[in-house]
Every structure is written in structure tokens, then in C-alpha cells.
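S.K.: Sequence:
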Amino acid sequence: MASASALAQLVGQSVSFVQTVILARLLTPTDVGIFAAGTVLTALLTDVAAGGLQAGLVQRQGDQADADETVFRVTLMVGAAAGLGCLAAAPVIGIIFNSRTAGLVAAATSGLLLLHALTNVPEAVLQREFSVKRRLIVGPAIAVSYATVAIGLAALGWGVWSMVAGTYASYTAWVISLWTLTSWRPGRGHASFAIWRELARYGFPLALAMIGYRVRTAVESLVVGRFLSTAALGFFRYGQRIALIPQIGIIQVGATTLFPAFSRIADDPKRFAAAYLRVLHWGMIGSAAATGLMIAAGEPAVVVLLGERWRGAGVALVAMSGLSIGSAVSVVAQDVIKAHGRTRLINWFTLGDLVLGVSFLLILIWPFGFVGASLYISLTSLADAAIFLGLAQKVVTVPLSKVLTVLATPMPGLLIATAATWWLEHDILRSDSHSLILAVTLLAVDALVFCLIYLAVLTLFARSTVITIVRSVAALIGRFRQRALADTTTSSADHAAPSSPSRQSAESGPLYQGHPLSAPMHTRAITGPALGAASDPRFSEGQTAVGRSTPMSFGAHLARIWRRWFLVVIITLLAGLAAFGSAARHAGTEYTGTATLTTVSQNSSPDQTAALSTGYVAMFLQPSYQSTLHTELRLPADVSLTAQTAAQSPIIFISATGPDSVMAQRAAADAAAEFLRQVNANLQANRQNLIGQMRRAVEADMKAGAIKVPAETDMQDRINAVNADPTSDLQMLQANAGVSVKSSGTKKTLAVALLGGLIFGALLAWVLGAASRRLSSPAELMEKARIEPLVVIPPGGGATAERQRERQLRQLAATVALLNVPKPTVVAVAPVERMPGTDEIAESLARYRADHGARTILVHADGTPAPLDAVEGDFESVALRWSLVSSESGGRMREVFPVSDPQDVHGLLGMEHLGNLVASLRSRADLVVIQSPAVSESAESYMVCSVADRTLLVAGAGSSADSVLAARDQMERVGVSLLGVAFVERPRRRLAATGDSSKRTTATVNSQATDAWPSEAAAAPGASSQRLDETKPGVDPSSRASRI
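All residue numbers for the sequence shown refer to UniProt numbering, where the first residue is 1 and numbers rise by one.
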């Protein structure tokens, strides 16, 4: 259900983003600005009508029916009155913004206040119930209804009214979905003035805070729309809308989850403080990433998705990027204060937000204009966050140093990733200068690079956080594969193993209700029935398993990258080759000449002139016009032309880039002059056409009997007026605005590309290693499977490596010897998957215990039959088709093989055969070691392990973490008592090439027997002579039987 809820929220956000992009293509900045101006009063009165009563309902613990009825009646009456007030004040909106359409929009949207009043109580009821259906249905319904209606009507040419209709559609869908989901209905309680007074006392500071925010929003709309332009307000609002996309997700989480949850645990200070820090931490991690991406690639992303005419919105987005961090902190701190019921503290926030916000706006807009107005949003949001943090410290017992540490954790990653991505986008990729598909691909590259660098740096400061993120991504990728594997394993084992009391006991516990993988991973551990309180006190469960992932060391991270060194080398070389080719292609110095034009705005408003300039730039940048211009001016192929506007001014910059300064300046001046000539010629042609129409109209009137002199005089006046109106004409400001020089810097470009390729390759190798479910080291076994290995078997090789290998094998033998189980002991060794080195564990364990003086029997129950003519030594039958082989030297270790038979050898691995075999061997040995088939390949492995006292799972480098988890869980389900998991490291290539790793193991055993166990020295020569028989003609030296 949690994944479905997250998916629903993702769908809602995706729909909102898509409709934002499509509407930007269909509407103009002026349309958006008029809608923003017309809905200022509606947004303000919406918060007045709510009055903070909804939050009071969520926080209230008693008299729910009466409280719901009270809030419903109050908000309905206030909403209706506010709607009428908004309708009456609509003409004032038109006068303030000097737009009749804005006044009509204000009047048209007044009905939204009544619809909003119908949502307060159902929303509060669903929040109290932590309703998942609300997130699954209501959010997507609102987004889809608005997008469908607004986009459809905008495509039909409705303009600003398409957004009005879309808003009504979304409110209607909101009301219908809420009332459908909730079982509450009016009339079930009694309205009470006392209850209203209590709720109003609680909610008044919240309502005041919302009203203060709306007042500040109204002031910013008035300042930007009145003193800049309506188009500037459109850019401002659209940039703000995109910047608010992360904030909307944060607010939804806070409203539907955080606030109700905080309210329930407000009486537990320790739990509340821990939850506060945890939520604040994750909020900062996500919001810092959103802020960095906006700064690094916000402007080109807006241009690519919305079009060149919306570049102003991209500038606003970059300036407003601090909104994400400020909102994340403010929402968490505000919910903390609300949960404790101390809403009066929020009055300080209201005062600070209004005063600081308006001050920032007025101070910044004067010297910096549109950019300053956008920057004030970030500064105000960060100031609000600081105020809320200070207020939250009054109700949460958390040291300020811990809070600051949480806030500072993502900052190094934010700064480094933002700087690197900014350089990549603005100096190399320049996505906004390419076609749409390529531009979107380059933006995806920007986002990928940012995420990789951000996570890599974050690993140094919050490793567990990165592990959680990577594991979540990997879990999404491997979830279906894991379930399929678990289903297959469960089905095989259930058919293979009969029910037993131990299995029934295991399945009756809470861990095994339903699917074997249904329990959360952090609740799983390798703890069989015998590893509880009755276990040997010298061994704890912590030796074999942990309940959470263990952070990897820095060396383990480097090893993860080194194992994919070829990928790092390839990416580095490709980056170097690409940089070298680009540098060779653009070798030398580039010169950029500039000429400036301006749009005549004698009878046009500033926003109309800015929109006209943007249109001229778009026309100049058309590929077809660029080709025509190159042909007419006879420009060389290595000269490129571009154009851009200066923010919201009527100035147009025409630039030409080429290998020669004179050529660049001449091309820029010629292109500007030609563009000016063509535009003005077309405008003059339109004027002449209009004059011709007037002449023909006057001539027609004269033929009809009109007086000649007055008609001609009136016509001449109108012709003079047309000729005297230069509106929309272009004028040359500077034909030669200067030449800038840019050196190609081949060496620097190549060095930076190689370094960037190296870093990117290393990050990609690390991410692939983290996302892969294949294990390559013991550290990954702890990280991905949350299992601490009982012992790690190194690959061996040189003298030092062999001693390490011997030490680990002796540790395993000692662990088995100290098991607190009745003697003789039966231990099964079960490899999870057949990997190099896993087959040697059982034999090495048996030989070490034999060298220690224990009577040991190694049972080869992995399904491989032994031909009798290949066996050296004495043998006897111990069970049906099982033979016990004793070496001729009389050593303490003996082996049991399944005898060759035409029948299927897997039939010998049934419960009855295995039970009889183990019963007959217990009287002959102190330790019986059973080599089991690979768990992932044979269902009989569960039956082999079920007859043993303990089972050792063996995982090797290359094993799947999902397979290890599935094998462990299923072993516990069938009642197998697990000793732990041994991890076999990857054999070195030099050793693997010898093809006979068993010789190395045997030599080690014999040398250890001679050095450490003098009493067994007589058996060692016999063991050595055994190996000499491997070279006999007709005997396969690699077969198990030939080693006897």
C-alpha cells in the first residue's frame, strides 16, 4: 500500500508537471500573469474562510462529531460570505492591475471559495485516519481534472479562461472525491459555540499565518505586475510554480502523514525528538538535491521544455531555488509546533514573514529588477525556515548543535554537485541550443551526473543514508525477480520436504505469516531453534547475523570501483577522445561580434514590447531563416549566428561567432541590418496594404455620392497616422557593439574531460556495484543481505595468503568443535549457488577436524555418483547404495559416496535414505560433514540439511543476495538450524588457471597437521601418498573419488 501511495503521488506530480509544460506552449506569459493577478483576492479569502479550523480538527482528541459539525457550518457560512465579498471587490482588482480581464477573472473565481469550504471537514477526517485512499485517489483526480480541462480549452483558444475552467474542474473533483471516500456526513453532531471558540483559539495563529502569507503574495503580485509588467508577473508565477513542485510534495507529506503522526507521539519526548531529527534529515537530503538541480540546469530546462519565450521563467526559477530548502525545514518545524498545540508561537513567524518578505522585495526589486523580485522568494523562504527552527526549539528537547548538523549534512554534496553540473551544462552541453529530443537527453545527463556526484559526496557524511537510497532503488529493480525466486524455492521445498514439528513451529511464528519474504528485512536474522538461550554462551547471534545493514568501509567502496576498472578506463578514454575531437574541431581562438537592435514601443505597453522582442528572437533563431540568412550574406560555414533578449527589455542582441574578429563583427552587423531591413519592410508592406484598402474604400464612397474634399481630407489624415506610427519597427542601436575573444584551451579541455571521465566512470562503477544484487565481497553481504558472515575464506595464493586461508579454515573448524550439541555432531555444508571455491569448504572442514583427532566422515550428498573402479582404499556398504571408504593409510577421515546405479542418484537424497544413512554413521564418527547440493539448483538440498544438527550456508563472490536471503528464509521455514553463512572470496585468476585447487588445500592440511598436531604426523605421509595416486593412468585427477 505504501508503494501504491508513493506511485499515486508520483502520478499526481507528473501530471502537474506535464500540464505546466503544455500550458506554457499554449498560453502566453501575459495570460498567466492576468490569471495570477485575478486570483490574488480569491487565494487570500480562501485562508480567511478556513480560519485554521481544519488543523484544529486533526489535532483534537475528543468530541469529534460535534467538532466536525461545528467546523462544517462555520466554514460554509464564512465561505459563502467571502465569495460574495470577492465578487463585489472584483472591479477593484481590475483597477489596481489596469486590466479589465483581471477583474473579470476575480469575479469568475469567487465561487471557488464556497467549493473550498466543502473540503475542510472531509480532509480533516481523512487525515485523522491516515487515509491512504486520499493519496491514491484525491491527489491524482485533482491533477488530472485540471490538466484535462485546462489543456483542452487552451488548445481551443480560450486563453486565460482555460485556467479558470480548469481550476473549477479541479475543485469539483476535489469535493466529489473527498465526499465519496469519507463516511462523515453533516447532521451527525451538534454545533457548539464553545467548541468553535476552542478550535478558533487553536487555529487563529495558523489562519493569521496563512493570511500573512497571502498578503505578502498579493503585495508581490502588485509590485511585480504593476511596476514591471503583466508579462513579468507571468514569468514570475510560472517560475514559482515550477519551483513549488518539490514543495507541494513536501506539504502533502506533512499534511497527510507528519502532522497526524507528530500529534500522536507528542507526549513521548524522546520518540518525538528522534522523529523530528529523522524527518528533518530526509527533508534536507531531498530539498538540497532539488535546489542544486534548479541552480545548475533550471534556466536551460525551462527553455527546452517551455520554449525560448519563457526564458524569463527560467531566470526566476534559478533565483527561487532556495524555496525547496526553506519549505522543507519550515513544514517540519511548523508541524512540530502544531502537534504540541502551541500555535501561538506561529504569530512570530507571521510577523517575520510579512515584514522581512516585503522588505526583501522592495529592497531587491529597485536595483535588480525582475531578478531581484525572484531572489526575494529564496531569501524569504530561508528566513522563514530560520524563524521556525528557533520556534521549534522551544517545544522539542533536541540540542541546537544536532539540528545544525542535520542541516549541514547535505551541503558539501550540494555545493560540489551544483558546481560540477553547472560547468557541464553551461560550458559543454548547452542543452538549450539543441533540438528538443537531444536537449532532453542532455538534461537527463545533467541530472544523472548531479545525482552521482551528490550521492558520492554524501557517502562521506551520511553513509547509511546513501545505503538506504541505493537499496531502495535496487529493491524496486529486483523486487519482482526476488519474489519469483522465492516463490520457486518455496514451491520446490514444500513439495520436497514433509511437515515436521520444527517446521510447523517455525511457520506458526509472526515472521512467517504468508510469504517467506513478507517480513521486513530488518526483522530477519539467522537464528535457528538451537541458537537461542540454549546456545553456547561463547557464541552470540551477532556473529552470524545483524538486524540492519552494516556500513561499508572506505576500502570496500574503493574495491567495488576497482572490480569494474575496465568500465572506468573505457569511460575515461571515451571522454578524452570526445574532448580531443571537439578540441581539434574547434582548435584556435573564437571571436564573437555583437550588434544590438531595439523594438519601437511608442504605442505599446512594456509587456507587449517585451513579448514582441521575444517573438523576433524566436523568428531569428529558426533554422530555416538562419540558412536563408547565411545564403544571402554569403557567410562562411564556420560562422554561427544567434540572438537573445535582455531580460524583459526591448533590446535584442545579434551575435556572430567565427575564427576571425573582423569576420565576426562584420557578420553580426550584416545579420542585424538584414534582419532589421526584412522586418521593417514587411511591416511597411502591411501599412501600404492598409493604405490601399483605405483609398479603395474612399473611392467607393465617392462613387456612391459622397463629397470629395472631406472624404479625401479624412483619408489623408488616416494615411498620415498610419505612416507616422512606427510601433513594432526595429531600430539599430549599435552596429558594432564589440568583439569578445574565447580561446579553445585544448590542453585544459582534454585534462578536464579526462578528469571528469575518470570521476564519472568511478561513480558509475560504484552505482552499478551498489545496484547489482550480486555479491562480490563480505562487505556487500552485510550491506545487501544484512547478514554478517560467520567466516570469510580468502582465495589463497602466496605464502601470506595461504596462511590467512588456513587461519580462517581453522576458525571454522573450531566453531564447529565448540558447538553445544550432543555428540556425534552432523553438520551440513550447503552452497547457495555453485561458485568457484564453495565445494572445498566441506572437505576442508572435515580434514581439519580429522587432523585435530576427531573421527570424521565426509558424506558427498551433492548428487555426484562415484564409480567403484575409481575408488582407492577399503569400502563397505553403510546404507542402501551408499559406500563408506577408508583410506589405505588408516587416517581419521573417511568418506561416503553414493554408489553408481542406473537409477537416478537424486533418489538417494530422500528423507528416509538420508535418515538411515545418518543414523548408521553416528556410531562410526565424532563428526559427520555432509556436502549438500547447491540450494538454488536442487530442492533435495533442504532434505539433506534437515537431517543435520547444524547447517552452514556458503556464499561465494558472484552469488546473488536474493538467493542468499531466499535460501536462508526457506531453511528456517523447514526447521533447519542454521550455523551461519561462510563467504568465499573470488579466487585469483592465477590460481583458478591451475585447475586443481584441491591440491593446494590438501598441502595446507598436511603441513598444518605436521606442525600443529604431532600425534597425527604418522597419518600425514599417508595422506601425501594418497595424492600420488591421482596421477595413475585411467583415473581423473579432478574427481572426488580419485582423491581417496
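FYI, nobody ran anything at the bench for these hints, they're computed from the structure. In this text, all values refer to a predicted model and were calculated from it rather than measured experimentally. Where hints are given, some of them may not hold.
[Stated by the list, open to error] Below, computed lysine to any residue pairings styled on SDA-like, alpha-carbon distance capped at 20 Å: (1) K394 with L407; (2) K742 with L629; (3) K394 with T465.
[Claimed, not checked] So the derived label-pair ranges between C-beta atoms look like this: (4) P367 with W179: 45 to 55 Å; (5) S359 with M619: 52 to 62 Å; (6) S886 with Q811: 54 to 64 Å; (7) L156 with V440: 23 to 33 Å; (8) R695 with G615: 40 to 50 Å; (9) A88 with S624: 21 to 31 Å.
C-beta atoms are modelled at their ideal positions from N, C-alpha and C, and glycine is treated no differently.
S.K.: L156 and V440, beta-carbon distance inside 23 to 33 Å?
M.R.: Holds: the Cβ-Cβ distance is about 27 Å, inside 23 to 33 Å.
S.K.: Is the hinted pair K394 and L407 satisfied, with a Cα-Cα distance of at most 20 Å?
M.R.: Status holds; Cα separation ~18 Å.
S.K.: Evaluate the given range 52 to 62 Å for the C-beta pair formed by S359 and M619.
M.R.: The hinted range 52 to 62 Å is violated for S359 and M619, with Cβ atoms some 41 Å apart.
S.K.: Next pair to validate is K394 with T465; report whether the Cα-Cα distance is within 20 Å.
M.R.: Distance of about 28 Å is beyond 20 Å: violated.
S.K.: Could you see if the CB distance from R695 to G615 stays within 40 to 50 Å?
M.R.: violated (30 Å)
S.K.: For A88 and S624, compare the CB-CB distance with the range 21 to 31 Å and indicate the outcome.
M.R.: About 53 Å separates the Cβ atoms of A88 and S624, which means 21 to 31 Å is violated.
S.K.: Please test the hint of 54 to 64 Å on the beta carbon pair from S886 and Q811.
M.R.: With a Cβ separation near 28 Å, S886 and Q811 fall outside 54 to 64 Å, so the hint is violated.
S.K.: Tell me if the beta carbons of P367 and W179 are separated by a distance inside 45 to 55 Å.
M.R.: holds (51 Å)
S.K.: Holds or violated: K742 with L629, Cα cutoff 20 Å?
M.R.: With Cα atoms ~24 Å apart, K742 and L629 exceed 20 Å; violated.
Hints 2, 3, 5, 6, 8 and 9 from the earlier list are contradicted by this structure; the remaining hints agree with it.
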